[in-house]
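S.K.: The primary structure of each chain is shown beneath.
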Amino acid sequence: MDYFVSGDRARLDRIRDAQPELAHPDERFMLDARTPDYKPHLSTTAGPNLNSVYVGIAELNGRRWPLFFKPLGGIKPTAAHDYQQDSLVDIGIHEVAAWWLARELGPPWSEIVAPAVWRDPPKASTIGESGPVVLGMGGSAHLPEPGADFDQLISDAAFFDALIGSQDRHDENLRAALPASLGLIDHGYSFARPRDYHNRYPTAGFFQRLRYGQRSFSPPGSPILNYTGVGPLSPALAPHEQAALARLKTDPTGLLGIADLLPQDRADALRDRVQRMDQAQEILRHSDF
Amino acid sequence: MIRLDIFTNEIRPDGQLIDRLAVRVEVTGQKLNVTAGDPRFLQVGMPVYSERYGRLIDFDTDGEEWARNLPSAYRNGAVTVSAVELLGPVASSSGADRVHSAPALAFEHQPR
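Protein chains in written order, with this note's numbering: chain A, 1 to 289; chain B, 1 to 112.
The following block holds chain B by itself, in its conformation from the complex (with noise of 0.2 Å):
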């Protein structure tokens, strides 16, 4: 399972920089849930490069390889994607199914 968080930022008119949490989905296999914010700023047909594939590919091709590149599609400065590998619950025997972790994004900016 992979957990896509989509953050996106705003630039207010006095230049304070806020990111926020736009969308949180976890894709299993083809299945892909919307667990928080707004899907609209999901893009499931945003072709991704994958080693794997050696092409670009989209969610149909493979849904969970396209989730885990999906974060190489994006390097606009407007919005960040962290892709996090989750191990299923009979495979996790800690409780602890993260097995990759991503740096907090969630953060301002704030003027002095």
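Okay, chain A solo, but in the shape it has when bound (with noise of 0.2 Å):
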């Protein structure tokens, strides 16, 4: 299998390149910890294994915490498709950039959003061997209910979750805990087009919809989700927001470096998102990238 279309080789050796000077401490602690001893930590379907994703613990100057590797092999090229991703590179690459663009806007959403690197084992024969790397977040997949306490870190997400054009974002795809903590995760189906396939589960657009103010989610054959507990919220920009979408309207062309990550039509989207919420004041809702 080719792996590699129109741009996406490229596109990860800048990742590859940079690699060296990121300064970032959970970038350093990633890069720089002795590579550790990865276990399958698989989904498992009752055909040939899918979905692989490798944990360790990673450990550094007394630092010890899970990582989660993602080597692109383990992605179901024809699930990809239909969201419209079809370069598997692209994918692993969007694990990165989400971190990169989380990582230039500062807090809250660099606190939030989960740190990513890119890793080529030494003895890697095909990039389906390679994939990134990403720090483990604390606490479980599910937001605690009814949600007390989470206001600002669900408006800071479902923010995040508009810039980057998540397709993804349902209830199962976030890491959280009490006293309130909250880490986004799996930035693979992100960076989408206008007209790009939207997760149809009722919960996706998890943290957009509870913004414009959905509480209650009922997916078929599932309790209840009741979020009655978060106050209320508003779509409107916060000052903080406005402030990030200037700075990324001060790079048009670059965009904080996330644009040299992404082919030409999803930067272009992203412009075009960062436009549009600047315009209107408010964030998007899910599914409109």
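Treat the hints as calculated values from the structure; they're not laboratory data.
Computed from a predicted model, the values in this text were never measured in an experiment.
Check before you lean on any hint, since a few could be wrong.
With a straight-line Cα cutoff of 20 Å, these simulated EDC-like cross-link-like pairs (lysine to aspartate or glutamate) come out [as the list claims (entries may be wrong)]: (1) K76/A with E65/B; (2) K76/A with E51/B; (3) K76/A with D37/A; (4) K39/A with E65/B; (5) K249/A with D272/A; (6) K249/A with D268/A; (7) K39/A with E10/B; (8) K31/B with D62/B; (9) K76/A with E10/B; (10) K39/A with E129/A.
Put the two chains together into one complex; each comes in its own frame, and the hints tell you how they fit.
M.R.: Following this line, the structure appears as structure tokens:
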């Protein structure tokens, strides 16, 4: 299988070239720690194994923390195609690009988006053995109900998901814990373009829906999810969100270094989202890419 | 019949990673039976790609085929799903009715 579509090798090389100079403590931890003994953390079908994710505990200077390694070979290309994500390399890059964007925007986003770096295993013979390494975020895949104390975190997450054009933020595509903490994970299906597919699961677009006022979710066959403890939120931009968009608008070509990591059409879509949110002074709704 | 084991993990403040079974489900045709755990973690409406159908399907399309492919919907490191095809009791002559073994998924990573 040829994983390289037009330009994705160049985009990936930009990450590879930048990594030796990255300075964020989480990036250095992931890059400098001795390679953990990654073990399979598999979702397993009744047929061949799919969607392999590996987990290992990294250790550096007294810090021990779980890392998740997501080799590209674990992606199911046909499923990705339905999300109009036809470059497996770009799917991996999106994990890093989402983090770079959060890192450049700073708090609160740099504190809730999972830091990610790129890993090429030393003996890898195909690009399918390479992929992003993502820092484990605290908590588990469930936003505690009824959601009290999560108002600000939900608002910040909604802004970020609107900005990156997230296609797949459902109610288990996150990590959360009490006292209120939140982690945004799994950004492969993001940086969508206008009219790209958005997961149609009732909770997909989770934080954007919450910010637009939805408090109850009724997934078929599952108990109703009740987030009535979340206070009133507004899609209107907060001052720190206006400032974030202003920063992006000062660098319309480079988008704070993110444009170089994206295909032209996905970078254009990001620019357009920045423009539209700034113009409307509101975050975009889910699936409005 | 397809048996689904859905695991979630928790990363505690000290970095300890703990996997646990969130819900176990058996799907026979269009019948779904939760046999253990919390059904809140079962996302029945989650679209999954089916090679057989050549498109995204959900439970209503074909319950067993949806269950068979559900693991492909999770690649976030926080949720893992194991689908195991089980033969019905009539078809099983040996009593050992598991035809495909999933790896053990429940384990703990303890800091030293």
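S.K.: With reference to the structure, classify each hint as holding or not holding.
M.R.: Cross-check of the supplied hints:
1. K76/A with E65/B: Roughly 16 Å separates the two Cα atoms, so the pair holds.
2. K76/A with E51/B: holds (10 Å)
3. K76/A with D37/A: violated (24 Å)
4. K39/A with E65/B: violated (28 Å)
5. K249/A with D272/A: holds (10 Å)
6. K249/A with D268/A: Status holds; Cα separation ~13 Å.
7. K39/A with E10/B: Roughly 16 Å between the alpha carbons, so the hint for K39/A and E10/B holds.
8. K31/B with D62/B: OK: K31/B and D62/B at ~10 Å, within 20 Å.
9. K76/A with E10/B: violated (26 Å)
10. K39/A with E129/A: holds (14 Å)
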